[in-house]
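Peer 1: The chain contents come next:
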Amino acid sequence: MGAYLVRRLSLMAVTLVGMSILIFVLLRLVPGNVADILVDATGNDDPKEKARIVHELGLDRPIAEQYWQWIDGLAHGDLGYAYVSERPAIEEIAPRIPISAKLAGLAIFFAVLFGVPLGVISAVRQNTKLDYILRVVSLSGLSFPSFWLGLLVLMAAVQWFGKIPIYDSDAHGFVAQVKMLILPAITVGFRSSALIMRLTRSSMLEVLRQDYVRTARSKGASNASVNYDHALRNALLPVVTVIGIEAAFLVGGLIVTETVFNIPGVARFLVEAIRWRDYPIVQNLTMLIAIIVVTMNFLVDMAYVALDPRIKFAG
Amino acid sequence: MRLRLGLLAASMVGVVAAAAPSFAQKQGGTLRMPHRENPPSASILEESTISVVQPFMSVFNNLVVFDPNEKANSPDHIVPDLAETWSWSDDKTKLTFKLRQGVKWHDGQPFTAKDVKCTFDAVAGLDEKSELLRKSPRKIWYINLKEVSTNGDYEVTFTLGRPQASFLSMLASGYSPIYSCHVAGRQMRTKPIGTGPFKVTEFKRNEAIKLVRNPDYWKKGHPYLDAIEWKIVPNRATRMLGFQSNEFDMTFDSDVTFPLLKDVKAQSPDAVCEARPTNVNSNILINRDSPPFNNPELRRALVDAIDIHAFSEILSQGHDLDGAAMLPPPYGKWGMPKEMLASLPGHSTDIEKSRAEGRKIMEKLGYSADKPLKIKVATRNIAIYRDPAVILIDQLKKVHIDAELDPIDSSVWYNKIAKKDYQIGMNLTGVSVDDPDVNFYENFYSKSERNYTGYNNPDVDKLIDQQSAEPDLEKRRKLVWEIEKKLAEDVARPVIGHNVANTCWSPKLKGVKLQVNSIYNSWRFEDYWLDK
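First to last, the protein sequences are chains A and B.
Residue 210 in our numbering is what sits at position 210 of the first sequence, and the numbering runs on without skipping anything.
Residue 75 in our numbering is what sits at position 75 of the second sequence, and the numbering runs on without skipping anything.
Please note that a few of the clues may not be correct.
To be verified - BS3-like mimics (lysine-lysine), calculated; alpha carbons at most 25 Å apart, straight line:
1) A:Lys-163 to B:Lys-420
2) A:Lys-163 to B:Lys-447
3) A:Lys-102 to B:Lys-447
4) B:Lys-532 to A:Lys-163
5) A:Lys-163 to B:Lys-510
6) B:Lys-508 to A:Lys-48
7) A:Lys-48 to B:Lys-262
8) A:Lys-48 to B:Lys-510
9) A:Lys-48 to B:Lys-419
10) B:Lys-333 to B:Lys-129
11) B:Lys-532 to A:Lys-48
12) A:Lys-48 to B:Lys-447
13) B:Lys-333 to A:Lys-48
To be clear, the hints were calculated from the coordinates, so they are not data collected in a lab.
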């Protein structure tokens with residue numbers, strides 16, 4: 001196990017170094033830099049003004065030097081200065097992470113809360129009316145575009161409650177936060193729960209046909225015991241993988257939901273930063289998302305051990 | 001003869017104020033506003049978008065402003081702001097302002113003539129070493145400004161190269177705030193300080209802009225509001241739903257299109273909505289330096305295909321206005337009369353006839369329905385740009401031009417145009433002051449950095465200078481019409497319509513006065529109050 005962990009952690013480090021190079025290079029391959037955009041956005045075409053900004057931001061230095069400065073800064077906890085807001089990048093990024101994390105957490109909570117039990121019910125009641133209804137619901141969850149669903153939810157909120165949840169950074173306390181995030185979380189969670197529901201269903205169906213389940217039934221175990229104690233635990237392995245990937249994706253991939261519900265989270269900020277070629281913001285945020293994805297994958301692998309005692313990681 | 005215009009204007013305002021019914025304005029409350037996008041910065045002098053002017057104009061003062069009580073911006077209705085009075089020298093080349101005393105910046109420092117000098121030295125590029133601004137998109141406005149000099153702390157003189165009647169109008173624009181000399185450029189872009197009725201407490205990108213009342217504002221009793229809170233809501237549907245659900249007291253300026261207006265009125269029947277021209281026009285950019293449109297005949301055939309009324313019907317249910325380069329009357333002060341306009345290429349009322357002429361030109365050049373000219377129409381990949389581009393593509397088919405849409409990412413749009421990497425472009429141009437100097441110098445003068453199509457006609461340059469120096473209003477207006485005519489005949493950015501859009505607000509919000517010939521100059525918010 002120890003040797004496996006060392007190997008796994010080393011691989012994570014190599015992956016992240018590779019990611020940092022890829023992020024850095026790809027970003028600079030995109031046409032235009034922040035100076036072009038800052039000046040061009042005013043409808044002006046003044047090369048002198050552009051050159052001044054390029055020099056001021058250090059974009060005229062060799063690429064390798066710029067890369068090293070970024071990595072060296074990262075190692076010392078310095079994320080650099082955001083080009084557009086002219087503030088330390090950390091001050092721009094840090095407040096947005098909890099917002100997206102809370103939204104993603106709440107969405108995953110809803111997704112698991114509904115997805116897993118409904119997936120199990122759908123499997124154990126295979127080919128019944130309830131199964132058909134649940135399958136239609138889950139298919140809808142996967143098919144509805146989130147911007148469309150989000151707008152429908154907002155319109156319904158205006159129609160029924162006369163108000164919509166506009167994000168307010170001054171809203172403190174658990175209840176106020178949940179009230180503000182519940183509609184977007186349900187909108188996002190609906191898609192994820194549909195995915196989890198379908199995966200749980202197919203995984204359960206596969207497990208329920210295994211010999212050991214038949215043996216358990218022949219020994220007189222109750223339906224609940226067979227379904228939840230014997231089958232579900234094994235069926236959950238692929239589901240946990242998906243939940244992990246979904247959680248990682250949701251932190252940085254909620255662009256549509258954050259835009260429709262006007263939540264100032266990481267994803268919307270990242271898209272905006274790409275538009276402005278705000279390298280320090282894009283580099284650090286993308287790197288952060290890469291770290292989250294790599295870490296979630298690692299945690300999912302670790303969760304396998306807890307869920308299935310047969311799995312042992314060898315060095 | 002030195003005209004004491006300032007005193008005259010001030011006394012007129014006094015008379016109007018005395019004659020006006022007494023309003024029971026209520027003090028207090030927070031105005032809640034949606035913002036359509038993340039403003040690129042808070043520095044009005046460095047940007048060219050209503051996204052910056054609307055939230056931040058109330059942080060500053062100008063030397064003079066367009067009278068906020070008038071429905072139209074006009075040189076006849078300019079009132080004092082930080083300048084109490086002003087006067088021209090006999091030869092009309094020196095404009096001297098006497099400044100208001102006792103005015104303080106939001107950080108408590110006194111406002112003096114030095115601030116005016118350093119602002120305009122930076123804006124006009126007179127001081128190369130100035131670090132107040134890192135870009136100045138309206139430098140061309142001040143091409144005639146030779147020097148700004150101070151006489152003590154409360155007098156400042158602008159010396160011009162020649163008389164320029166429009167100079168005062170430019171100073172009255174929302175784009176001409178006075179900055180403080182003692183504050184770094186970076187702070188002006190992120191958390192600016194001004195002398196205006198509201199102070200910036202927070203500018204959180206992608207989230208909110210918060211302004212609070214300046215208790216030391218020099219205009220006693222103003223502003224009425226305690227605070228203004230802008231929420232940045234990039235999705236228009238969400239902004240509209242926010243207004244309908246009373247989360248916001250007003251829409252973003254001109255955000256409500258005519259189809260959306262029906263929804264807004266259905267959900268919020270009490271909302272006050274006003275349609276007005278934005279002085280933003282949709283126009284066609286033509287790359288006249290490269291084939292095929294380096295051929296003037298081909299350019300002419302292109303405008304012959306345009307049916308302006310179809311654009312207006314589809315885009316704004318017929319509300320957009322037909323005009324040449326200047327905003328047309330009655331809203332615009334300078335646009336040419338309707339009958340004159342109808343004689344210009346691209347504005348014909350007999351569209352079938354002009355299209356037949358266009359086809360004739362194309363056939364002479366070897367094109368036909370079976371062998372059309374294949375081109376690309378580039379435009380910013382935003383709905384307000386794409387929609388007219390699609391209509392244009394359809395209309396070009398009528399003169400044997402088979403065009404394809406080339407949507408361009410906004411961030412590289414101007415760069416692409418400046419590099420002449422396009423054939424035809426669909427564009428929007430906002431004119432911040434309904435004034436020929438502002439429009440012509442910015443967009444058509446050969447030396448302008450904002451003339452991004454690189455249009456260069458020495459005759460037009462000469463006429464632009466000539467009208468700028470002309471003191472007689474009627475003679476100047478005729479010169480303006482002549483320039484409009486030349487630009488249309490030259491097919492320099494043919495205008496396909498002057499946009500009209502709606503702005504709505506809650507009936508509880510009082511004191512709103514929107515100007516009909518510009519969206520850029522009336523966002524001081526000092527007269528707004530909430531009847532709650």
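Peer 1: Each hint should be assessed against the structure and marked as holding or not.
Peer 2: Hints versus structure:
The hinted pair formed by Lys-163 of chain A and Lys-420 of chain B fails the criterion: a straight-line CA distance of about 48 Å is larger than 25 Å. Taking the CA atoms of Lys-163 of chain A and Lys-447 of chain B, the gap is about 52 Å. The hint is violated against a cut of 25 Å. Annotation: proposed proximity of Lys-102 of chain A to Lys-447 of chain B is violated, straight-line Cα distance about 53 Å (limit 25 Å). A hinted pair counts as satisfied when its Cα atoms are at most 25 Å apart, and Lys-532 of chain B with Lys-163 of chain A qualifies at roughly 18 Å.
Taken as a hint, the Lys-163 of chain A and Lys-510 of chain B pair is honoured in the structure, with Cα atoms around 23 Å apart against an allowance of 25 Å. Between Lys-508 of chain B and Lys-48 of chain A, the direct Cα distance comes to roughly 49 Å. Violation of the 25 Å bound is thereby established for this hinted pair. At most 25 Å may separate the alpha-carbon atoms for a hinted pair to count; Lys-48 of chain A and Lys-262 of chain B exceed this at roughly 48 Å. The hinted pair formed by Lys-48 of chain A and Lys-510 of chain B fails the criterion: a straight-line CA distance of about 45 Å is larger than 25 Å.
At roughly 16 Å between alpha-carbon atoms, Lys-48 of chain A and Lys-419 of chain B fall within 25 Å of each other, so this suggested pair holds. Between Lys-333 of chain B and Lys-129 of chain B the alpha-carbon distance is near 38 Å, which puts this suggested pair outside the 25 Å criterion. Of the pairs offered as hints, the one joining Lys-532 of chain B and Lys-48 of chain A is violated, with about 51 Å between alpha carbons and a cut-off of 25 Å exceeded. Of the supplied pair hints, the one linking Lys-48 of chain A and Lys-447 of chain B holds, its CA atoms being roughly 15 Å apart against a limit of 25 Å.
For the hint pairing Lys-333 of chain B with Lys-48 of chain A, the CA-to-CA distance comes to about 36 Å; that exceeds 25 Å, so the pair is violated.
Checked against the numbered hints above, the structure violates hints 1, 2, 3, 6, 7, 8, 10, 11, 13; every other hint is satisfied.
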